[in-house]
Structures are given as structure tokens and as C-alpha cells.
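J.: Residue numbers (this note's numbering), protein chains in the order written: chain A, 1 to 110; chain B, 1001 to 1090.
A hint or two may mislead.
[Said to hold, decoys possible] Simulated coverage check for chain B against chain A, where a stretch passes if three residues somewhere in it have a Cβ under 8 Å from a Cβ of chain A: (1) 1016-1024; (2) 1039-1050; (3) 1067-1075; (4) 1081-1089.
[Claimed, not checked] List time: in silico DSBU-like cross-link candidates among lysine-lysine, alpha-carbon distance up to 35 Å: (5) LYS1081/B x LYS38/A; (6) LYS1081/B x LYS45/A; (7) LYS92/A x LYS45/A; (8) LYS45/A x LYS1059/B; (9) LYS32/A x LYS1081/B; (10) LYS32/A x LYS92/A; (11) LYS1081/B x LYS92/A; (12) LYS45/A x LYS32/A; (13) LYS38/A x LYS92/A.
No lab work stands behind these hints, which were simulated from the structure alone.
Ideal placement from N, C-alpha and C gives every residue a C-beta, glycine not left out.
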Amino acid sequence: MNALPLWAEVVVAALLVTGAGFALVGSWGLAKLGDILKRLHGPSKATTLGVGCVLLASALAFALQGQASLHELLIAVFLFITAPVSAHLIVKAAMRVDPGLRPPAPDEPG
Amino acid sequence: MILPIVLPWVMAAFALGLALGAWRLFRGPALPDRILALDTLYINALALLIVLGLWLGTKAYFEVAMLIGLLGFVGTVVLAKFVMRGDIVE
Chain A
1 MNALPLWAEV VVAALLVTGA GFALVGSWGL AKLGDILKRL HGPSKATTLG
51 VGCVLLASAL AFALQGQASL HELLIAVFLF ITAPVSAHLI VKAAMRVDPG
101 LRPPAPDEPG
Chain B
1001 MILPIVLPWV MAAFALGLAL GAWRLFRGPA LPDRILALDT LYINALALLI
1051 VLGLWLGTKA YFEVAMLIGL LGFVGTVVLA KFVMRGDIVE
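Next comes chain B alone, as it looks inside the complex (with noise of 0.2 Å):
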């Protein structure tokens, strides 16, 4: 009976953390902010995900999660690596 009442609000906070990394993500003056903005979108949307899932009591969200969270975590290397090098393979 405190779930029903707490979930939304999680669910808010994160939308509000996803709102200020997409404020970043347009408004970063150099490359590495917008991958580091892209790195904070990923992992709250992965949160948003876990807290969906919790609330809908369906565990179908998981397998979601941790593709977004593998495949952020590639996308961040291979921006960073594209923007130190030049070149992603070398």
C-alpha cells in the first residue's frame, strides 16, 4: 500500500533526470559532454525500465534492461574511442 503511492513518483524522478540529460545532450558545447550525456540517458532509462517492471509486476523488463545496458555501454566506448582517434577500428 506504500508501492502504489511511491512508484509514480519514482518514475517521475527519473523522467526529470532523462529531461536534464537530454537538456545537456543538446546544449553540451564539446563532444564528451553529449557522450557523457548519452551515458547518464542510457542508465536512466535502464532505471526507468527496472521501476516499470516493478510496478507492472512483470518481469518481462529485464532482458530489456541489460540489452540497453550493454549496448550503452558499447556505444559509449565507441564514441569515445571515435572522437580520441578518429577511427573506431583500427
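The following block holds chain A by itself, in its conformation from the complex (with noise of 0.2 Å):
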């Protein structure tokens, strides 16, 4: 790391703090969280945010330093797109395992 101006420094560690924060809270949820179908939401959605923030500050860093890619937009796109889809099968996976899960059906109507 050398060379970044002073803002730059402010607005990565900023974004980093973030994401590790959401990443901590997310990976916390998955640990705490007394139910397969809560437990779910920390890792689908704070987890891929935070991982979305780590890879946008280091984005910004390596541009900085005039050594811009597209790897790390092709790593966030790629786990945006994966990350419901996994969510989605690993919820059919749970329920496959205990259907009991599955809500009631609602009341036909009329």
C-alpha cells in the first residue's frame, strides 16, 4: 500500500469497516440464531453485502494506484447473482429434510 491520498485512505477504510461489519454480523446471526429458516438471512444478505463492500474498497484502492481490473466487479457480480440462488436451494434442501417447515397453504378463496 503506498501512494494513496489522504480521502482515498478515509473512503476504503470506511468501506471496509463497513463490510466487515456486516460480514461480522451476518456470520454472528448464522452462530446465534435459533431456527434453519432465521439462521438463513444472516448469510444471504449481510454476509454477500459485506463481501460486496470488501470488494468494492479494494476496487477502488487498486484503481487508485493506477492499476485498475475488473476482477473484483466480476467476483461481486458473480456472488450477487449466486448468493439467492444458493440460498433458495439450501431452503429446499431444509425442507426436504423436515417438511414440517412448509407454511400452512392459505384458504382457497371463495
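Two chains, two frames, some hints: make the complex.
T.: As C-alpha cells, then:
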């Protein structure tokens, strides 16, 4: 790390701290919450957002050092596309293991 | 001059996230909990690698992070499919 102006360091550090906070809260939710459907919220939303912030900070830092690349954006787009898919599949697997998780069907209209 | 102070704490936060995910991986009552823990673990490991690359000022870790992202997603899909259907390739 060299030759970053002060404002860039402040922005990158803020993005890093925000990302680490979100990721930590997501992992804490995974460990603490009491039900698979509740537990899914932490990793699938908070952790993905946290990693997105960290990737953004990395992209900004390398771009301001004159080494801009599309790697971080590629990883971020891929993560943001795949996170809902894996969450959906995990819920389907959980419903297969424990059919009682499925909420009761609403009443027929009319 | 801010980043050298912030980066170790950020890495510590991700390491703590990894520890929490590992706790859920060993503890998790059912198979879907363990799959979810593995999902969180690979995302946290990816972020840890990105922060390490930022700290060392090298771009060598991006390919590794992309590989972890790809293979982690495939692993999650395969494990969930196996729990769902009892088979992977039908």
C-alpha cells in the first residue's frame, strides 16, 4: 500500500470497516439464531453485502494506484447472482429434510 | 496511514466470522445448517483473501478468490441437490 491520498484512505477504510461489520453480523446471526429459516438471513444478506463492500474498497484502492482491473467487479457480480440461488436451494433442502417447515397453505378463495 | 491500522482489525473480524461459521458447521443440528455454514465459510474466506491482497498490495489473490467463489457455489448447489434428491446427477 503506497501513495494513496488521505481522502482515498478514509473512503477505503470506511468501506472496509462497513464490510467487515456486515460480514461479522451475518456470521454472528448464523451462529446465534435458532431456526434454519432465521439463520439463512445472516449469510444470504448481510455477509453478501459485507463482501460487496470489501470488494468495492479493493477495487477503489487498486484503481487509485493506477492498477485498475475488472476482477473485483467480476467476483462481486458473481457473488450477487449466486447468493439468492444458493439460499433458495438450501431452503428447499431444509424443507425436504423437515417437511414441517413449510407454512400452511392459505385458504381457498371463494 | 489509516489503512495499516484498519486492515488487521478487518482481518480479525473476518477470522471471527470464520470461527462462528465453523462453530455452526460442527454444531448444526441438521444437514442444511451445515451446508449453510459451508456457504458462509467460503464467502468469508474469499473476503479474507481480498483483504490480504489489499494489505500486501498484490493482485495475485484475485484469481484465487474467483476460484473459491466459483467452486464454493458449485459445492453448495451439489450438496443441497444431494440432500434434496439423494443423487447429484440423475
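J.: Against this structure, judge whether each hint is valid.
T.: Evaluation of the provided hints:
{"no.": "1", "hint": "1016-1024", "verdict": "holds (count 7)"}
{"no.": "2", "hint": "1039-1050", "verdict": "holds (count 7)"}
{"no.": "3", "hint": "1067-1075", "verdict": "holds (count 3)"}
{"no.": "4", "hint": "1081-1089", "verdict": "holds (count 3)"}
{"no.": "5", "hint": "LYS1081/B x LYS38/A", "verdict": "holds, 21 Å"}
{"no.": "6", "hint": "LYS1081/B x LYS45/A", "verdict": "holds, 22 Å"}
{"no.": "7", "hint": "LYS92/A x LYS45/A", "verdict": "holds, 18 Å"}
{"no.": "8", "hint": "LYS45/A x LYS1059/B", "verdict": "holds, 27 Å"}
{"no.": "9", "hint": "LYS32/A x LYS1081/B", "verdict": "holds, 26 Å"}
{"no.": "10", "hint": "LYS32/A x LYS92/A", "verdict": "holds, 22 Å"}
{"no.": "11", "hint": "LYS1081/B x LYS92/A", "verdict": "holds, 9 Å"}
{"no.": "12", "hint": "LYS45/A x LYS32/A", "verdict": "holds, 16 Å"}
{"no.": "13", "hint": "LYS38/A x LYS92/A", "verdict": "holds, 14 Å"}
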